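**Q** Make the full structure from the sequences, and use the hints.
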Amino acid sequence: MIWEMVIGLEVHVQLATKSKIFSGAATRFGAAPNTQACAVDLAMPGTLPVLNEEAVHMAVMFGLAIDAQLSRRTVFDRKNYFYPDLPKGYQISQLDDPIVGRGEVKIELPDGSSKRIGVTRAHLEEDAGKSLHEDFHGMTGIDLNRAGTPLLEIVSEPDIRSAAEAVAYLKQIHSIVTYLGISDGNMAEGSMRCDINISLRPQGASEYGTRAEIKNVNSFRFVEKAIEVEFERQADILEGGGEIVQETRLYDANKNETRSMRSKEVAHDYRYFPEPDLLPVEISEAFIEATRAQLPELPTAKIQRFKERYGLNAYDASVLCAERALADFYEQVVEVSGDAKISANWVMVELLALLNRDGLKLADSKVSADDLGLLVKRILDGTISGKIAKQVFDSMWNGEGTPDAIIEAKGLRQVADTGLIEAMVDETLANNAEQVEKYRATPADKRVKMFGFFVGQVMKASKGKANPQQVNDLLRQKLESE
Amino acid sequence: MHELSLKQLSDGLASGDFSSVELTDHFLGRIERLDPSLNSFISVTPDQARTQAKAADERRSAGDAGPLTGIPIAHKDLFCTDGVRTSCASKMLDNFVPPYDATVVAKMKDAGCVMLGKTNMDEFAMGSSNETSWYGPVKNPWDHERVPGGSSGGAVACVAARLAPGATATDTGGSIRQPAALCGVTGLKPTYGRVSRYGMIAFASSLDQGGPVAGSAQDCAMLLNAMAGFDSRDSTSLDSAVPDYTASLGDSIEGLRIGLPREYFDEALDPVMAETMRAALAELEKLGATLIDVSLPNTHLAVPAYYVIAPAEASANLARFDGARYGHRCKDPANLEDMYMRSRAEGFGNEVKRRIMVGTYALSAGYYDAYYRKAQRVRRVIANDFANVLSTVDVIAGPASPSPAFKLGEKSSDPVTMYLEDIYTIAANLAGLPAMSAPAGMVNNLPVGIQLIGNHLQEARLLNVAHRFQQATDWHQRRPAGIE
Amino acid sequence: MSVSESDIARVAELARIRLDPTEVPELTNRMNNILGMIDQMQSADTGDIQPMANPLDAVQRLRPDAVTEPDQRDAFQALAPASQDGLYLVPKVIE
Chain W
15 MIWEMVIGLE VHVQLATKSK IFSGAATRFG AAPNTQACAV DLAMPGTLPV
65 LNEEAVHMAV MFGLAIDAQL SRRTVFDRKN YFYPDLPKGY QISQLDDPIV
115 GRGEVKIELP DGSSKRIGVT RAHLEEDAGK SLHEDFHGMT GIDLNRAGTP
165 LLEIVSEPDI RSAAEAVAYL KQIHSIVTYL GISDGNMAEG SMRCDINISL
215 RPQGASEYGT RAEIKNVNSF RFVEKAIEVE FERQADILEG GGEIVQETRL
265 YDANKNETRS MRSKEVAHDY RYFPEPDLLP VEISEAFIEA TRAQLPELPT
315 AKIQRFKERY GLNAYDASVL CAERALADFY EQVVEVSGDA KISANWVMVE
365 LLALLNRDGL KLADSKVSAD DLGLLVKRIL DGTISGKIAK QVFDSMWNGE
415 GTPDAIIEAK GLRQVADTGL IEAMVDETLA NNAEQVEKYR ATPADKRVKM
465 FGFFVGQVMK ASKGKANPQQ VNDLLRQKLE SE
Chain P
263 MHELSLKQLS DGLASGDFSS VELTDHFLGR IERLDPSLNS FISVTPDQAR
313 TQAKAADERR SAGDAGPLTG IPIAHKDLFC TDGVRTSCAS KMLDNFVPPY
363 DATVVAKMKD AGCVMLGKTN MDEFAMGSSN ETSWYGPVKN PWDHERVPGG
413 SSGGAVACVA ARLAPGATAT DTGGSIRQPA ALCGVTGLKP TYGRVSRYGM
463 IAFASSLDQG GPVAGSAQDC AMLLNAMAGF DSRDSTSLDS AVPDYTASLG
513 DSIEGLRIGL PREYFDEALD PVMAETMRAA LAELEKLGAT LIDVSLPNTH
563 LAVPAYYVIA PAEASANLAR FDGARYGHRC KDPANLEDMY MRSRAEGFGN
613 EVKRRIMVGT YALSAGYYDA YYRKAQRVRR VIANDFANVL STVDVIAGPA
663 SPSPAFKLGE KSSDPVTMYL EDIYTIAANL AGLPAMSAPA GMVNNLPVGI
713 QLIGNHLQEA RLLNVAHRFQ QATDWHQRRP AGIE
Chain Z
72 MSVSESDIAR VAELARIRLD PTEVPELTNR MNNILGMIDQ MQSADTGDIQ
122 PMANPLDAVQ RLRPDAVTEP DQRDAFQALA PASQDGLYLV PKVIE
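Protein chains in written order, with the numbering used here: chain W, 15 to 496; chain P, 263 to 746; chain Z, 72 to 166.
Derived from the structure by calculation, the hints contain no laboratory data.
This structure is a prediction, so every number in the text was calculated from the model and none was measured.
Backbone N, C-alpha and C define an ideal beta-carbon position, used for all residues, glycine too.
Take these hints with a grain of salt, some might be off.
In silico negatives: residues of chain P with every beta carbon more than 12 Å from chain W [claimed, not checked]:
{"hint": "1", "residue": "S502"}
{"hint": "2", "residue": "R582"}
{"hint": "3", "residue": "R606"}
{"hint": "4", "residue": "R741"}
Each computed DSSO-like pair below joins lysine-lysine, with the alpha-carbon atoms no more than 30 Å apart [claimed, not checked]:
{"hint": "5", "chain 1": "W", "residue 1": "K144", "chain 2": "P", "residue 2": "K353"}
{"hint": "6", "chain 1": "W", "residue 1": "K479", "chain 2": "W", "residue 2": "K404"}
{"hint": "7", "chain 1": "W", "residue 1": "K32", "chain 2": "W", "residue 2": "K269"}
{"hint": "8", "chain 1": "Z", "residue 1": "K163", "chain 2": "P", "residue 2": "K353"}
{"hint": "9", "chain 1": "W", "residue 1": "K229", "chain 2": "Z", "residue 2": "K163"}
{"hint": "10", "chain 1": "W", "residue 1": "K474", "chain 2": "W", "residue 2": "K492"}
{"hint": "11", "chain 1": "Z", "residue 1": "K163", "chain 2": "W", "residue 2": "K144"}
{"hint": "12", "chain 1": "W", "residue 1": "K144", "chain 2": "W", "residue 2": "K120"}
{"hint": "13", "chain 1": "W", "residue 1": "K460", "chain 2": "W", "residue 2": "K474"}
{"hint": "14", "chain 1": "W", "residue 1": "K185", "chain 2": "W", "residue 2": "K120"}
{"hint": "15", "chain 1": "W", "residue 1": "K269", "chain 2": "W", "residue 2": "K229"}
{"hint": "16", "chain 1": "W", "residue 1": "K424", "chain 2": "W", "residue 2": "K391"}
{"hint": "17", "chain 1": "P", "residue 1": "K593", "chain 2": "W", "residue 2": "K144"}
{"hint": "18", "chain 1": "P", "residue 1": "K269", "chain 2": "P", "residue 2": "K316"}
{"hint": "19", "chain 1": "P", "residue 1": "K353", "chain 2": "P", "residue 2": "K548"}
{"hint": "20", "chain 1": "W", "residue 1": "K452", "chain 2": "W", "residue 2": "K424"}
{"hint": "21", "chain 1": "W", "residue 1": "K479", "chain 2": "W", "residue 2": "K424"}
{"hint": "22", "chain 1": "P", "residue 1": "K353", "chain 2": "P", "residue 2": "K269"}
{"hint": "23", "chain 1": "Z", "residue 1": "K163", "chain 2": "P", "residue 2": "K673"}
{"hint": "24", "chain 1": "W", "residue 1": "K479", "chain 2": "W", "residue 2": "K401"}
{"hint": "25", "chain 1": "W", "residue 1": "K452", "chain 2": "Z", "residue 2": "K163"}
Just a few of them, taken from the derived set where beta-carbon distance is under 10 Å, the chain Z residues facing chain W [claimed, not checked]:
{"hint": "26", "residue": "R87"}
{"hint": "27", "residue": "Q111"}
{"hint": "28", "residue": "A153"}
**A** See below:
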């Protein structure tokens, strides 16, 4: 039996507001426990929520970015349950009138194809605090700093059919929210969390199977693995004639398996009702249009523009556009150097390699976009060869100065004087008379390696500075002349 | 000094007849002497009161005194008071000392009021007799074997016994108006949103409103001037200018149209009550008002709808009382669930538990539409009825309670009997309308009150009508025996 | 609508209030009285009228995104039944 997986994803994105969604406490990550939990966040008696305008603004930005319907009158609801990280005993969320309605996200797959994934809705809600299960004399420690941080919960249609599609969708969501500046997208810090709803059905079937939910997966890699192992688990059960239990599961990265959270599943009756401490939020046309006017260029549009303006292929464009900061960096390099393709190569290969090696974020790059642009320019104008440029780049990374300064200081200027090169070629051939004879005695189709030897010798003599093209031409001329 | 009205005390302070320190000492002395038999206070704050009184006198010397500067008042024990226990008359919060003031408390402090203490109430404001308090029932100063009404029984009793010239209280289904009527004092529930709910421990969020209790409409107007106003910390707070409620007290009520809903004056109303009300209304006619028959046809649905909505909201509002961060935690909880289950079972009294259960049930899966949503529809129907009637009359009048004060324990066996105490008052909360009660007569030597309901933000009008009534009558000046 | 003792047990569980078995019959009785009173509402024809969540016709005011609350942890945690190292302590959830 060939099984098809049907996946819907719920992504919780922490919005990058300065203060909480319903209180004026700070949201900065990493503060000492409970130092950013004010009376409202602690659910002290008599406290009341007041809505943060930036959270609304950010949600509308997201809705516009995914071409979604936007509510003109959105309402908050109480979702009631008891847990120590939920101080009020209810979470203020949205049920029937979410701020963002139906939209869609276009994803690019590794094989080059693209697909549209539907978004059912996105709504605002408050985050819960954190439970620390390390032992405090058999007790659990509760930190409510995170309680009240605004979340945008983005719910996809069950349109996803593979782990690859799931990851592509998540990366696109990540890209959109970071591009918009509404989230720092830092999954390690919990800025973006994913719940996976997955069911299987025989390929070609139209009815949905029973789904399981895998909660709180916080990296692209884990999402991929979780889907793979869960697919196997469900397929095994179904193959064996069993039934899938609708339940919540957790992905264990150490064991690479999902396990049931069933023991925590007391029947959840959330008893939703409209939040009486908040009034309906009206979102005017003017507000929407003003937000639309201020939207930055979104990933999909930027990728398209890069393909057209810089002649890049889809893959290269999407790598450069994965982060807005990287795309901006690249465009600055092109601006300075005047060339799109070589710049693309340098950014995608050389720059990213060094950033990775040193564990740095782009913002902490040791080489600026302007300087990299200059380096590329010097390759293009023949001042240095591509190979020498890598040396120069390393020196730039070590803080030794601008490209020109380093080229001067180390005398790396490419030798392009034909006379000089010819002299070096003649000298090399004179010093290696035996090899020359051998070369001339070898059949033409077996000469490549030996030719390379001569090229190497000339380059060595010139300390790598001879113009390779000229070296090649002259050598060939002279070696072949008998 | 306690015979003087709040207005007279204010004038007296202004003319230097006495100081706030003297005034405060006087009331503190009365509380010490007379409250043991009434139990109207949960906490008395003599040290703080004296400090505040001294500061008020200094402020007066500096020329910076307002009408309420130096006036001693009491706060209902669900207004959070910084550094002073705020218990909601519950074991759950017996040890709760908030490090913040409710907005109402802060505003009264700014106005220079002196806090004598926190008044007793029905637990978490759920009740109509002040019999559910963890700290014991409050006695009606007119008859110690009778209830003062609730939930603001303590606030009302202490004013009736002249232990304070004024007090803050709250009204969710009649909790200011009904006890005010049963104790012969004046009390007002403002328009929903007129007074900030920040720091006012929530019972039913869409129904709760804070308001003043005092010996007269004039005194209530002075208190309301300080209590009312927009608060950015309360999303349901009205951003609307606060008029001077004392300015229009003396306006003529010639031509005032008073609507009398036939549903309030039907056969169910005790004949003696009906007669007393008619007499009071006749006084208003003498002042130039016209009495007009009107109908509020869905009156009978108000109590059922209220007893779905209020418990539902309360069930969620009281979920935060779980023993985790403050308040009562049971001894030696075995695990988290045990902590929740036992802390809440131990911390809440029976009426509170009942209402939480009703509310939880009404919201639970399968019942939401039939109960909660239905009640919210009924609510709009009732609000529409009022809107219709108030487009043809200026105020609506009727009894504030079905009868005078009943005996302690008389209605405790059947919650529904108790709930029907609020039959006249509940609808105004559902519709968010301002309403007040003022002493209007005596039945069996016990006070009864007349209720006035106005349109949104018509507090000035209501106070004006009550004030004119009080200038022509003296019910509000009667005193219970034994409080000299 | 009437409730059974097992309904009462379920609701008490949802509300996290431990009931003594001896309390249940009376509580069930009283609840049924209350529900009987509430049921009077059912006869009302409310048709399609919009439910009223809040008596105001106002809309939500938005608050500017600014940090306005300072760290008051000590003041608040002084009220806690159990705390350590700045954390609130509660008993563990049973697995």
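**Q** Now tell me, hint by hint, if it's right for this structure.
**A** Right, here's what the structure says about each hint:
no.	hint	result
1	S502	14 Å, holds
2	R582	4 Å, violated
3	R606	10 Å, violated
4	R741	34 Å, holds
5	W/K144 with P/K353	29 Å, holds
6	W/K479 with W/K404	13 Å, holds
7	W/K32 with W/K269	38 Å, violated
8	Z/K163 with P/K353	25 Å, holds
9	W/K229 with Z/K163	21 Å, holds
10	W/K474 with W/K492	18 Å, holds
11	Z/K163 with W/K144	14 Å, holds
12	W/K144 with W/K120	34 Å, violated
13	W/K460 with W/K474	23 Å, holds
14	W/K185 with W/K120	11 Å, holds
15	W/K269 with W/K229	16 Å, holds
16	W/K424 with W/K391	18 Å, holds
17	P/K593 with W/K144	24 Å, holds
18	P/K269 with P/K316	20 Å, holds
19	P/K353 with P/K548	50 Å, violated
20	W/K452 with W/K424	37 Å, violated
21	W/K479 with W/K424	11 Å, holds
22	P/K353 with P/K269	37 Å, violated
23	Z/K163 with P/K673	43 Å, violated
24	W/K479 with W/K401	9 Å, holds
25	W/K452 with Z/K163	83 Å, violated
26	R87	5 Å, holds
27	Q111	21 Å, violated
28	A153	7 Å, holds
Hint check: violations occur at hints 2, 3, 7, 12, 19, 20, 22, 23, 25 and 27; the rest are consistent with the structure.
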